[in-house]
Amino acid sequence: MTPPARRDGTPDKPEKDETFYISYAKPAKKQNVRLDKRRANAAKNEPHPLDDNWWDDNPQDKTRKTEGIRLQKVLAQAGVASRRHAEAMIDQGRIEVNGKIVNVQGMRVNPNVDIIRVDGERINVNEEHEYFVFNKPRGVHSTMKDELDRTSVGSYLSERTAAGQRLFHVGRLDANTEGLLLLTNDGELANRLMHPKYEVSKTYMATVLGEANNALVKQLKEGIELDDGPAKADYVQIVDVHNGQSIIRVELHEGRKHIVRRMLKEAGFPVQRLVRTKFHTVQLGEMKPGMMRALNSSELASLYKAVGM
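First residue of the sequence shown? That's 1 in this note's numbering, and the numbers climb one at a time after it.
What the hints contain is simulated information worked out from the structure, not anything from laboratory work. Only a predicted model underlies this, so the values are computations on that prediction, with no experimental measurement involved. Incorrect hints may appear among the rest.
Said to hold, decoys possible - Calculated pairs, DSSO-like style, for lysine-lysine (alpha carbon to alpha carbon, straight line, at most 30 Å):
{"no.": "1", "residue 1": "Lys100", "residue 2": "Lys305"}
{"no.": "2", "residue 1": "Lys232", "residue 2": "Lys218"}
{"no.": "3", "residue 1": "Lys197", "residue 2": "Lys278"}
{"no.": "4", "residue 1": "Lys232", "residue 2": "Lys221"}
{"no.": "5", "residue 1": "Lys100", "residue 2": "Lys73"}
{"no.": "6", "residue 1": "Lys257", "residue 2": "Lys232"}
{"no.": "7", "residue 1": "Lys197", "residue 2": "Lys257"}
{"no.": "8", "residue 1": "Lys221", "residue 2": "Lys265"}
Make a model of the complete structure from these sequences and hints.
Structure follows, in structure tokens:
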């Protein structure tokens, strides 16, 4: 049936042309489609190649997504800030984890492994490490257990030892020297604090026979020749002179055995009493002999900084 014609005389639908045409044109080239790199990498489950701080896509940090503790909670538990304030600090780029600035919320960390810094200063979040200041009394030996059963530092830690806590002293004080002794189970920090490379200072108060004068101060600062080589103090102050005795403050970074006693004896001022009052920025303060306290966060951060940790 012929379709009805339009007013202009053409059919409503044109009749199909049964003629076939063969095209000799070249096929079109395959178009290059650029996929968004983030979507492509996400589809392939590969790490993001462009952003060094994109921790969430780092293969080494995949366990952070499901394991560990949220960074905000760790900071709050360490007393750095409340969780809300910690989130603001992260947004401000003030928090580092293992040397990288954190720029995302919700990151998970392992407090016993990861190194966390706030404003460039390391904070202690390792739940396994402990740090104490002990005021060693005179006559106490700097050992955790004395072979001759003499009173030792370990004698004051018997309850902690029985509970399974393992601590060791940073350096030594001879039995007749009193004062500040650091105790910890952080081997790396302890080793660095005692290494001559870092020149960590120690301060002593020495009561000596003889009336000290400026000549002694000059001699100690310029250096005194000892059997094992020259030794000199970084700082010397005469605190008091009375009845043929003097109290002298001596600061030095030397770590040789009996160094302060030997220097003063060689200078003609034998030591009657020696007390270590300061280790870097950690001070003994008003602690009584035999007392022990935990280091605060600022003291610990200062020690970390002194030895490049």
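Right, here's what the structure says about each hint:
1. Lys100 with Lys305: Answer holds: lysine 100 to lysine 305 is near 17 Å, not above 30 Å.
2. Lys232 with Lys218: holds (10 Å)
3. Lys197 with Lys278: holds (19 Å)
4. Lys232 with Lys221: holds (5 Å)
5. Lys100 with Lys73: Roughly 19 Å between the alpha carbons, so the hint for lysine 100 and lysine 73 holds.
6. Lys257 with Lys232: The given pair, whose Cα atoms are some 14 Å apart, holds under the 30 Å limit.
7. Lys197 with Lys257: With Cα atoms ~17 Å apart, lysine 197 and lysine 257 stay inside 30 Å; holds.
8. Lys221 with Lys265: Holds: lysine 221 and lysine 265 sit about 15 Å apart, inside 30 Å.
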